[in-house]
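We have chain B already, so just place chain C on it with the hints.
Quick note, the sequences are listed as chains B and C, same order. For the first sequence, the positions run -1 to 316 when our numbering is used. For the second sequence, the positions run 4 to 678 when our numbering is used.
You may find that some hints are simply not true.
[Claimed, not checked] Here chain B is said to cover these stretches of chain C; the calculated rule only asks that three of the stretch's residues, wherever they fall, bring their Cβ under 8 Å from a Cβ of chain B:
| no. | stretch |
| --- | --- |
| 1 | 88 to 95 |
| 2 | 120 to 132 |
[As the list claims (entries may be wrong)] PhoX-like mimics (lysine-lysine), calculated; alpha carbons at most 20 Å apart, straight line:
| no. | chain 1 | residue 1 | chain 2 | residue 2 |
| --- | --- | --- | --- | --- |
| 3 | B | Lys223 | C | Lys113 |
| 4 | B | Lys223 | C | Lys325 |
| 5 | C | Lys407 | C | Lys421 |
| 6 | C | Lys521 | C | Lys469 |
| 7 | C | Lys136 | C | Lys113 |
| 8 | B | Lys124 | C | Lys64 |
| 9 | C | Lys96 | C | Lys136 |
| 10 | C | Lys347 | C | Lys387 |
| 11 | B | Lys227 | C | Lys113 |
| 12 | C | Lys207 | C | Lys143 |
| 13 | C | Lys387 | C | Lys433 |
| 14 | C | Lys37 | B | Lys124 |
| 15 | C | Lys91 | B | Lys223 |
| 16 | B | Lys227 | C | Lys91 |
| 17 | C | Lys480 | C | Lys521 |
| 18 | C | Lys421 | C | Lys433 |
| 19 | C | Lys265 | C | Lys589 |
| 20 | C | Lys250 | C | Lys325 |
| 21 | C | Lys521 | C | Lys489 |
| 22 | C | Lys38 | C | Lys10 |
| 23 | C | Lys37 | C | Lys10 |
Think of the hints as simulated: they come from the structure by calculation, not from any bench. Each residue gets a CB set at the ideal place from its N, CA and C atoms; glycine is no exception.
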Amino acid sequence: MLFLIIKRILLGLITLFIVSLITFVGTEILPGDACTTYLERQAFGEQLEACYRRLGLNVPAYERYVSWAVNAIQGDFGYSLSGEMPIKEVLGPRIKNSLVLASAAIFIGIPIALILGIVTALWRDKLPDVAISTVTIFAMTIPEFISATLLILIIAIWLEWLPGIVIVPTDVSFLELLPNIILPVIAIAMIMTAHMARMVRSSVIQVMASEYVQMAILKGVPYWKMVFKHVLPNALLPAINVVALTIAWLLGGVVVTEVVFNYPGLGRLVIESISNRDLPTVQALAIILASIYVSINLLADLMTLMLNPRLKTLQIRK
Amino acid sequence: MTEIIQKVKNLSIGFKSKKGEEILILRNISTNIKKGETVGIVGESGSGKSTLALAMMGYVKHGLYTIGGECEFNSSNLLKMKNRDLEKIRGRKIAMIPQNAGQALTPNLKIGYQIDEALQLHSDLKEEEREQKISELLNKVRLPSPETIALRYPHELSGGQQQRVAVAMALAGTPDLLLLDEPTTGLDVTTQAHVLELLNFIAKDTGTSMVYVSHDLGAIAQVSDRIIVMYSGEIVLEGPSRDILKKPIHPYTYGLLKSIPKLSLAGLPQSMPGSQPQPGAIHRGCSFFDRCDFSEEKCKSNSPQLEYLEQLNTSVRCFNHKSLMNDSQVNQTVNKIKTSLQDKEILNISEVSISYAKQNLLDQVLNRISDDNPTVKDININIKKGETIALVGESGSGKSTILKSIAGLLRTKGGIIKFDQKRNLSSDLKERDPNDLRIIQLIFQNPDESLNPNHTVEEIIAQPLKLYFGLKGEELKKNIIELLQKVRLGEFYMSRYPRQLSGGEKQRVAVARAFAAKPDIILCDEVTSALDVSVQAAVLNLLQQLKEDFGTTYIFVSHDLAVVRAISDRVAVLYQGRLCEVGPSKDVYQFPSHPYTEVLLGAVLEPDPDIKPKLVAEDIVEEKPPQKGCSFQGRCSRILGDICKNEIPPWQITNSGNSIRCHIPLKELQKDQIN
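The following block holds chain B by itself, in its conformation from the complex:
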């Protein structure tokens, strides 16, 4: 078991190394660099040389990669171009904001998704299933920029209950941020919940049709005891991995929603730094998002392993 964890962590680190190489090479191949972007039309002669020296761009690429990597491991990603601020300081509040958004969506979305999924599966083809399934399929198919815009129109503009876009500074406190995140959370949670509810539904239906559930019924196990003891533990195990991917997606992938609501999260930072050709920040973001995906997936796999007796013994036997 311990050996397996170490092996998985090592594999994760290798993945991160490869990601960092790819982003580094990618930014190298692109025409132009940080200095030409920063200096724009003055990017020639003495000034360019000076900029290269200042940013340390005058040494060979592999040396720059090594020194960048060494610093990055220590949490120092160098300087952002646009504000000449340390990237660390740019990232900090953004990560916090993204975490706030993601955790709010998770705390609301996952329980609702589980309940809806289980209810639709247990009352399969009956009224609750038909009603909820129609709504979830509807919620899944509407793109988030439509639902987000509609939410702004109805709740922020017509009803004037909540602010439509986030116009607070990036580093406000949690309480000040709170009213601003309600609409983005609703917009994200709708899609996420719908997807997960569908998945939970099919997983529960599959387990309900299994021979061991039929056996439990024939053993005389009361209905709800059967659901909680025999069905749910087996049906929800595959959901762990989906939840993990959703969390990772929430942290870095909800770009559209963040842009629509002008939310200062990681997703919007990706867009901003790409359009500003702020390559050091892009590099840092790529590594951070990759680490989030790798570590959350690792956690999910370990959890599945721990909860599934079948996998556990298989590993021990090996």
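Then chain C, alone, in the frame of chain B:
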């Protein structure tokens, strides 16, 4: 008159088709189960036997519904009962032992918990008493060290152990009626014999009534007092088990018994034409009309009623039972197989060993497999042209592994496989040239999985013809039609998809595909085990006919020793990937010499209440072959001592050409059989 515990009255269960028609799975079933008796329900797949068993617990599967009739237990109709009341009967009064215990035990719950759950629901025992009771139950089903078994998860047990746990779970509620749905199908022969013996013991010990559902007349014969034969949703014959097995007075049962291969009789059994009609296909007349040898004009339009014959205590659904009554001794006639053996050796397997061990990095670099105890070891068989050689053994004996290596799906660790004395086939598929691939073809166990569901029969058979012979257009079509005729399928099958065919027809298409390549050797991997008994005989006869026509060599893998007896010239017995005995079938079957061969043959169930299985060895499951000595040392009842544990036994050759690998001297081995 003994007390009746379950009364099934005019029961019909069915479903609505897409067109809104009512299609019946069970048609007007009436029967009674008496206290303390064991009733066998026998029928082929789709005859409705499992649906009937489930209905006896008041359970109707999703999608089906009760159309009429009742299942009465303690004078209340289970099919109309509320779930809450049913929960008090299920597991406590009526318990079920499922077909596949591996699937029927909840994977995330420990064995102990699952039995405890039944005890909590159906007894008033306190916690410590329940713990005691769990051990008792596990002991009763003869599981070793109950305390540790209780802490295990279902997947940590072998198939036989899982089945025993299911029995223990069913006994937890001390039920009055036990329903067993194919409880031994899917187990090895020796395990099956042991589980049946256990069930017999429990029936006697507890006085529980049992309903035993199976397609296997051999298993039914061992346990039941009374037999119900079902055909396409109806009871066609019901009566005391001895009479039914010895003097069946219904043509279907008669034909069924004739089509089962027997150990005592070499040669292929006679097959029954056609297959069971699909539910809803028969609207008028007798449902067995198409396949019946005794049918008359009136059978076509009139449905016979179930008629009770007082003097025989038997009910039968046939107009013609009287003519069968006079002459219905099952005098089995078999088609003797012609051996088309030639002297030329076509395949030489020498010193072959195969390993599933993972290569470590160094081995990968050096391209070798280092495993000093491989799954399959020291296989030496020389196969003559036109021979049918059978590999037999329990699961894990390596018989399919050897087939895969011959086919090139698995590379060998060592040894040589030579075709026609000269071509080396030891390498795997990638290194073989197209002709090497053509000469060896495989037929798989399950045609549902081996035929592409999105291809028509024409496309399936065309593939090898195009690949190996480059046929096109009219010529291709002509060849396909010829092949279909060879496997007794008409031209119109060409446009059909596999899902539109019955199991037997699908396997015929698979046979045609194998023969399309004009192979020299065909590997048959359990080709009949997914088929119904009546269809199995037809496929075996077909294979034999084709072999005589084409002079093909068969390597036949099966766990069914009676089938092997029927079709093979020579048998190789394998245990844990090592050969135990190789010899002509008639010698291996008549003079079982190796202790393991004796164990296997002793455990075969025959559809005859007078032939009881002999249980020689324990049905322990060994995970790995022993490091040294004889492979069978762990289970051998005749073990000599240290010599068996340390030295690999030598080959001993009998006068009839039978090779046996055992330390016990030949004289000693033969003497024992005479006694």
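Here is how each hint holds up against the structure:
no., hint, in the structure
1, 88 to 95, "holds (count 7)"
2, 120 to 132, "holds (count 4)"
3, B:Lys223 / C:Lys113, "holds (16 Å)"
4, B:Lys223 / C:Lys325, "violated (55 Å)"
5, C:Lys407 / C:Lys421, "holds (15 Å)"
6, C:Lys521 / C:Lys469, "holds (12 Å)"
7, C:Lys136 / C:Lys113, "holds (16 Å)"
8, B:Lys124 / C:Lys64, "holds (17 Å)"
9, C:Lys96 / C:Lys136, "holds (18 Å)"
10, C:Lys347 / C:Lys387, "holds (6 Å)"
11, B:Lys227 / C:Lys113, "holds (12 Å)"
12, C:Lys207 / C:Lys143, "holds (13 Å)"
13, C:Lys387 / C:Lys433, "violated (26 Å)"
14, C:Lys37 / B:Lys124, "violated (40 Å)"
15, C:Lys91 / B:Lys223, "holds (14 Å)"
16, B:Lys227 / C:Lys91, "holds (19 Å)"
17, C:Lys480 / C:Lys521, "holds (16 Å)"
18, C:Lys421 / C:Lys433, "holds (17 Å)"
19, C:Lys265 / C:Lys589, "holds (13 Å)"
20, C:Lys250 / C:Lys325, "holds (12 Å)"
21, C:Lys521 / C:Lys489, "holds (13 Å)"
22, C:Lys38 / C:Lys10, "holds (11 Å)"
23, C:Lys37 / C:Lys10, "holds (9 Å)"
Hints 4, 13 and 14 from the earlier list are contradicted by this structure; the remaining hints agree with it.
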